[in-house]
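Take the two lone chains and join them into the complex the hints point to.
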Amino acid sequence: EPEVTQTPSHQVTQMGQEVILRCVPISNHLYFYWYRQILGQKVEFLVSFYNNEISEKSEIFDDQFSVERPDGSNFTLKIRSTKLEDSAMYFCAGMLRGTDTQYFGPGTRLTVL
Amino acid sequence: ILNVEQSPQSLHVQEGDSTNFTCSFPSSNFYALHWYRWETAKSPEALFVMTLNGDEKKKGRISATLNTKEGYSYLYIKGSQPEDSATYLCAFMANDYKLSFGAGTTVTVRA
Numbered sequence: 087e088p089e090v091t092q093t094p095s096h097q098v099t100q101m102g103q104e105v106i107l108r109c110v111p112i113s114n115h116l117y118f119y120w121y122r123q124i125l126g127q128k129v130e131f132l133v134s135f136y137n138n139e140i141s142e143k144s145e146i147f148d149d150q151f152s153v154e155r156p157d158g159s160n161f162t163l164k165i166r167s168t169k170l171e172d173s174a175m176y177f178c179a180g181m182l183r184g185t186d187t188q189y190f191g192p193g194t195r196l197t198v199l
Numbered sequence: 029i030l031n032v033e034q035s036p037q038s039l040h041v042q043e044g045d046s047t048n049f050t051c052s053f054p055s056s057n058f059y060a061l062h063w064y065r066w067e068t069a070k071s072p073e074a075l076f077v078m079t080l081n082g083d084e085k086k087k088g089r090i091s092a093t094l095n096t097k098e099g100y101s102y103l104y105i106k107g108s109q110p111e112d113s114a115t116y117l118c119a120f121m122a123n124d125y126k127l128s129f130g131a132g133t134t135v136t137v138r139a
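Chains A and B, in that order, give the protein sequences.
Letter by letter, the first sequence follows residues 87 to 199 in the working numbering.
Letter by letter, the second sequence follows residues 29 to 139 in the working numbering.
These are computed hints drawn from the structure, not numbers from a lab.
Watch out, some of these pointers could steer you wrong.
[To be verified] Cβ-to-Cβ under 10 Å is the rule here; a few derived chain B residues that face chain A:
| # | residue |
| --- | --- |
| 1 | 39 |
| 2 | 58 |
| 3 | 60 |
| 4 | 62 |
| 5 | 64 |
| 6 | 69 |
| 7 | 71 |
| 8 | 72 |
| 9 | 74 |
| 10 | 77 |
| 11 | 79 |
| 12 | 80 |
| 13 | 125 |
| 14 | 127 |
| 15 | 130 |
| 16 | 131 |
Beta carbons: idealized from backbone N, C-alpha and C, even for Gly.
Just chain B, with the same shape it has in the complex (with noise of 0.2 Å):
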């Protein structure tokens, strides 16, 4: 069982506000790293997926980094917005194709 992690479990921020939190993986046999936005009774939603050590991605007022040889990636929101409000998953991916999750940051925005 590969060790996925994120911290912390759950965020509270201030609408405006920006936040980060990690996700630490294992670093062997990495192939990709993923994120995901989740909201209730919604399928979780891609945001990225990164491979290269030093890779950074963005999505509208998401980002995130990654660092393979250390093992952790951060996901950062810049000026939170109430409906940034949701889990963010990350999963590791190695040559398989599975993914391993970690438990997700639950972040909530408040207005």
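The following block holds chain A by itself, in its conformation from the complex (with noise of 0.2 Å):
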């Protein structure tokens, strides 16, 4: 069975550096999510992306954070220069057209020391 996957599972920064943080959705998947889990809290929405273009985003996903779709497979999350505040556990997740399953990729914790 297709599945999202997310790369690197874990990722550790130092403060004021960018990350990049990979997805690959399943193939035939439209419409594409990052969310994120700081501990202790919530998962809570930052971006969707359809078409190339970002769709909606949360009051978190301000300037320092940029998604893309380079090449068709991969679905990036940039942080340009992240903050400590930025630690968390990031997933990202596909939608196939005409349904409203969101898949999960298993996520990619960032550290950010």
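Here it is, written out as structure tokens:
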């Protein structure tokens, strides 16, 4: 059964550094999402992406964040200058057109020191 | 910020016993209610997507009901097994297709 993959599984970085989190969604999915979960808190929406552009973004998704689907298979989340409070588990998800189920990857744990 | 609440936060169940827990969500702008099963270090697994008031869905020993008018959903596990140990997340989907998650109910099944 096809699945969503994310790399790396754990990323440790210094404050102020740029990080790129990578996701490979299921191949026929058209809608893509990033969510994150700060330790001890709820999973929260960051951004949705469709037809090569951002559909919606939350207040968290400020100018330090960007998303890209560079080659039709990868879906990336970039954080330009990481802050301590960016430490969280980041999940990507994809959805097929005409369905309502979002399929999640296993997450990337980002630790900012 | 949408208020999606789950209770209890955690529960311990003896193997073979049945259990249930709740998710409450806003009754306005409702589009769908999702249930996910999440084991540590794995992807959250989609269990159910429920859209209609009164909906009941079943997958093996797990079932769910939906009341959109009063804004709640129940998840039931019948005859719990150790492999049912996981965190169960509910998520409210409004017309914008964004998911707003509850904090989850962590189920531990004791053999």
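Taking the hints in turn, this is what the structure says about them:
With its C-beta approaching chain A no nearer than about 18 Å, residue 39 of chain B sits outside the 10 Å limit, and its interface hint is violated. A least Cβ separation of about 12 Å between residue 58 of chain B and chain A goes past the 10 Å threshold, and the interface hint is therefore violated. Nearest Cβ of chain A to the Cβ of residue 60 of chain B: about 5 Å, under the 10 Å cut. The hint holds. Given the 10 Å rule on beta carbons, the hint for residue 62 of chain B holds: about 7 Å separates it from the nearest Cβ of chain A.
Checking residue 64 of chain B against chain A by beta carbon gives a least distance of about 7 Å; that is within 10 Å, so the hint holds. Satisfaction of the interface hint for residue 69 of chain B is found here, the shortest Cβ-Cβ separation to chain A being roughly 7 Å, below the 10 Å cut-off. Against a cut-off of 10 Å between C-beta atoms, the interface hint on residue 71 of chain B holds, since the closest Cβ of chain A lies about 5 Å away. Hint on residue 72 of chain B holds. Least Cβ distance to chain A is approximately 5 Å, under the 10 Å limit.
The beta carbon of residue 74 of chain B comes within 5 Å of a beta carbon in chain A, closer than 10 Å, and the hint placing it at the interface holds. Because the smallest distance between the Cβ of residue 77 of chain B and any Cβ of chain A comes to about 5 Å, under 10 Å, the interface hint for this residue holds. The criterion of a C-beta within 10 Å of any C-beta in chain A is met by residue 79 of chain B, whose closest approach is roughly 7 Å, and the hint holds. Because the closest C-beta pair between residue 80 of chain B and chain A is about 12 Å apart, greater than 10 Å, the hint is violated.
With a least beta-carbon distance of about 7 Å to chain A, the hint placing residue 125 of chain B at the interface is held under the 10 Å criterion. Residue-level restraint check for residue 127 of chain B holds (minimum Cβ-Cβ distance to chain A is 6 Å; threshold 10 Å). Below 10 Å, beta-carbon pairs count as interface contacts, and residue 130 of chain B has one with chain A at about 7 Å; its hint therefore holds. With 10 Å as the threshold, the beta carbon of residue 131 of chain B comes within range of chain A, its nearest partner Cβ sitting at about 5 Å, so the hint holds.
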